[in-house]
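Next come the chains, spelled out residue by residue.
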Amino acid sequence: GEKVEQHESTLSVREGDSAVINCTYTDTASSYFPWYKQEAGKSLHFVIDIRSNVDRKQSQRLTVLLDKKAKRFSLHITATQPEDSAIYFCAASGQGTGSKLSFGKGAKLTVSP
Amino acid sequence: ETAVFQTPNYHVTQVGNEVSFNCKQTLGHDTMYWYKQDSKKLLKIMFSYNNKQLIVNETVPRRFSPQSSDKAHLNLRIKSVEPEDSAVYLCASSTDISGNTLYFGEGSRLIVV
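These protein sequence lines map, in sequence, to chains A and B.
At the far end of the first sequence sits residue 102, using our numbering, and the numbering has no gaps.
At the far end of the second sequence sits residue 378, using our numbering, and the numbering has no gaps.
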């Protein structure tokens, strides 16, 4: 099955800096790559996703890049704010797999004022 | 705004007891899921249902059994809990099974003593 590796376990940035979280996946058939955010003591909620028909998607301060050749995707957060502090999970799944998302282990981002 | 409701939020029980977690979604989605998040924040899918039908059944011990009365409800029963069942159980829903955005509930934390 699909295995998603999330390389950074923790990262710390200063408010206003950029942050990048990287993930790799193993299954070349994977075509859907969402990111979820989990704030302390709370559940996960969706932040942004990308499908394999594009290699870049931006939503306000968030950008996802997808490199299908390298089987790598990344989340870029610009102008970070303290409220961006959370655990970010990347995930991957193929089409028609019953939404069987495989999650990375999570990366804890801390944004200090 | 919560639209996936889980009860109870927290439950402490002894080894060997039975536990049930309930989940209801008010989004009109067809597909619902149970995920397990362990103490290291690792997320693993356990089950998914589409319109009351079991779609995904990962390798979980037989003491775990999902129950769905209609597409808005997906409960999880654990017979004879064991210490390694201590975790947060997250219910989620999506519009359909084709890998769309998951909407998570707040989670049900189980502690087995």
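These are computed hints drawn from the structure, not numbers from a lab.
Glycine included, C-beta positions come from ideal geometry on N, C-alpha and C.
Please note that the accuracy of each hint is not assured.
[As the list claims (entries may be wrong)] Negatives, chain B to chain A, calculated, CB over 12 Å:
| hint | residue |
| --- | --- |
| 1 | T267 |
| 2 | S285 |
| 3 | N287 |
| 4 | T291 |
| 5 | V321 |
| 6 | S334 |
| 7 | E347 |
| 8 | P348 |
| 9 | D350 |
| 10 | V353 |
| 11 | T366 |
| 12 | E371 |
| 13 | V378 |
[Unchecked claim] Examples of chain A residues lying across from chain B (beta carbon under 7 Å, computed):
| hint | residue |
| --- | --- |
| 14 | S32 |
| 15 | F35 |
| 16 | I37 |
| 17 | K89 |
| 18 | F92 |
| 19 | K94 |
| 20 | G95 |
Now the hints, each set against the structure:
no.: 1; hint: T267; in the structure: violated (9 Å)
no.: 2; hint: S285; in the structure: holds (19 Å)
no.: 3; hint: N287; in the structure: holds (16 Å)
no.: 4; hint: T291; in the structure: holds (16 Å)
no.: 5; hint: V321; in the structure: violated (5 Å)
no.: 6; hint: S334; in the structure: holds (20 Å)
no.: 7; hint: E347; in the structure: holds (23 Å)
no.: 8; hint: P348; in the structure: holds (22 Å)
no.: 9; hint: D350; in the structure: holds (19 Å)
no.: 10; hint: V353; in the structure: violated (9 Å)
no.: 11; hint: T366; in the structure: violated (5 Å)
no.: 12; hint: E371; in the structure: violated (5 Å)
no.: 13; hint: V378; in the structure: holds (21 Å)
no.: 14; hint: S32; in the structure: holds (4 Å)
no.: 15; hint: F35; in the structure: holds (5 Å)
no.: 16; hint: I37; in the structure: violated (10 Å)
no.: 17; hint: K89; in the structure: holds (5 Å)
no.: 18; hint: F92; in the structure: holds (4 Å)
no.: 19; hint: K94; in the structure: holds (6 Å)
no.: 20; hint: G95; in the structure: holds (5 Å)
Hint check: violations occur at hints 1, 5, 10, 11, 12 and 16; the rest are consistent with the structure.
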